[in-house]
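In order, the protein sequence lines correspond to chains A and B.
Reminder that position 171 of the first sequence reads as 171 in UniProt numbering, one-by-one numbering, no gaps.
Reminder that position 153 of the second sequence reads as 153 in UniProt numbering, one-by-one numbering, no gaps.
The hints are simulated quantities; they were obtained by calculation from the structure and are not laboratory data.
Possibly wrong hints are sitting among the right ones.
To give a feel for the contact side, a few chain A residues facing chain B, derived at Cβ under 8 angstroms [as the list claims (entries may be wrong)]: (1) F15; (2) L18; (3) L36; (4) N135.
Everything numeric in this text was worked out from a predicted model, so none of it was measured.
Where a beta carbon is used, it is the ideal one built from N, C-alpha and C, also for glycine.
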Amino acid sequence: MSVNKQNNEHYEDKFSKLYKNRKQQCKVPESLQQNLFNNTTAQPWHHAIGSFFKYSAVLATCAVAAIVFGIQFFQHERSTINYVDIEIHSLASEATTTIAGAHRVKYDNAFNEYINTLELRSFDDQKIARVIEDNEDGIKLFTCNDEVIQITKALLKNIQTSPTLHIQPHIGDMMAMNMDDKGRILQLDTSTDIKECPALAD
Amino acid sequence: MLSILLKQLDNVFTGASDSRNTNEKASVTRHEKIVEHLYKKYADDIFHFALTLTDYATAQDLSHKLWLKLLEHPEKFKQQKNFKAYMFSSVRNSIFDEYKRSNKLSDLTTVNNTEINNDGPIYGEKHPPVHASDLDNKCIADEFNDALTQLPFYQREAFCLQQEGFTVNDISSITNTPPETIKTRLRYAKQRLQHLLEGYHVGE
């Protein structure tokens with residue numbers, strides 16, 4: 001029994017050595033390993049396609065965004081430019097920028113004194129408008145009737161000293177302009193009455 | 001919206017944005033390094049096992065495909081507790097698929113039936129293993145190799161797996177065969193090898 005066991009152990013040991021020797025002689029070719037890791041370092045084709053679509057998608061998104069911005073900008077430009085009439089309200093003494101086709105409404109000193117002393121005013125006309133520009137030339141308002149009314153800085157400063165202008169207008173504010181029979185602004189006040197002028201609603 | 005787009009563009013074109021991509025790349029590199037480490041550790045074992053059961057070209061092809069699969073789909077291998085056993089099992093399955101494709105699976109079954117139905121190994125009778133002729137041509141040409149190639153397919157497989165350090169239960173699990181059958185195969189394989197290698201000494 002012990003002889004058999006010894007014999008078996010001898011053979012187990014022998015097989016193990018022979019097997020290891022055999023393995024030593026049969027190794028994976030180096031080229032296979034190089035091929036394996038070089039191939040995967042280079043981007044697999046489906047990854048390449050994936051990244052191509054990813055970049056294409058980003059570019060397509062940018063193109064669509066550019067078109068949307070373009071349309072919005074164009075519409076915005078149209079909304080401010082597409083007016084039927086333009087009026088420039090200024091003091092009689094000041095020189096204003098010449099704008100082709102613009103109607104001029106001059107305010108003399110006597111008129112200013114008149115509106116400043118007037119306690120009870122009666123208005124012949126009212127225009128609802130939105131402030132669309134505020135720069136060195138003054139403020140520009142766009143009315144419900146597609147008119148652009150420009151009030152010069154000098155005039156604005158002048159009438160701000162009187163109760164005719166209750167607040168400092170900002171771009172986007174809705175204003176109610178109360179005018180006399182000659183189209184001169186007697187009072188400028190904020191307005192929330194958008195219903196009367198849906199075209200100017202946000 | 002514009003700022004988001006600009007940020008995206010910046011990420012795409014400068015590459016700085018691609019923190020996710022950078023992470024992915026880092027992950028891929030890390031994964032490659034792990035695979036490379038595993039490759040150095042097990043590639044020869046797996047290739048040798050495949051070569052013992054099939055021809056040289058098929059062994060190269062199947063073991064290479066297996067490593068490639070590991071590189072491309074790491075998620076399939078992450079859940080394996082015993083990596084080596086899993087790889088041996090996978091390459092074995094690939095060999096069987098290959099045999100099925102070339103309609104040579106019946107050869108293995110015949111050998112296996114012979115083995116099971118006989119009371120013991122048939123000394124002196126040569127069992128030509130499937131594709132075994134390549135073994136002596138490509139790698140080695142010694143007496144042990146010759147003896148190994150004479151073993152029936154399933155005995156050779158069991159013997160090889162045991163030499164790789166797997167227990168009977170491991171082999172049973174890898175080959176999906178009852179442990180008793182594995183023990184029988186191992187006993188027959190060793191008896192046959194003893195018979196064939198009588199008088200042969202290591203290092204001869």
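(request) Have a go at the A:L18 hint: is there a Cβ in chain B nearer than 8 angstroms to its own Cβ? (result) holds (4 angstroms)
(request) Could you check if A:L36 really has its C-beta closer than 8 angstroms to a C-beta on chain B? (result) holds (6 angstroms)
(request) Have a go at the A:N135 hint: is there a Cβ in chain B nearer than 8 angstroms to its own Cβ? (result) Result: violated, 24 angstroms to nearest chain B Cβ.
(request) May I ask you to test the interface hint for A:F15 with respect to chain B, counting a Cβ-Cβ separation under 8 angstroms as satisfied? (result) holds (6 angstroms)
Going down the numbered hints, you'll see the structure goes against just number 4.
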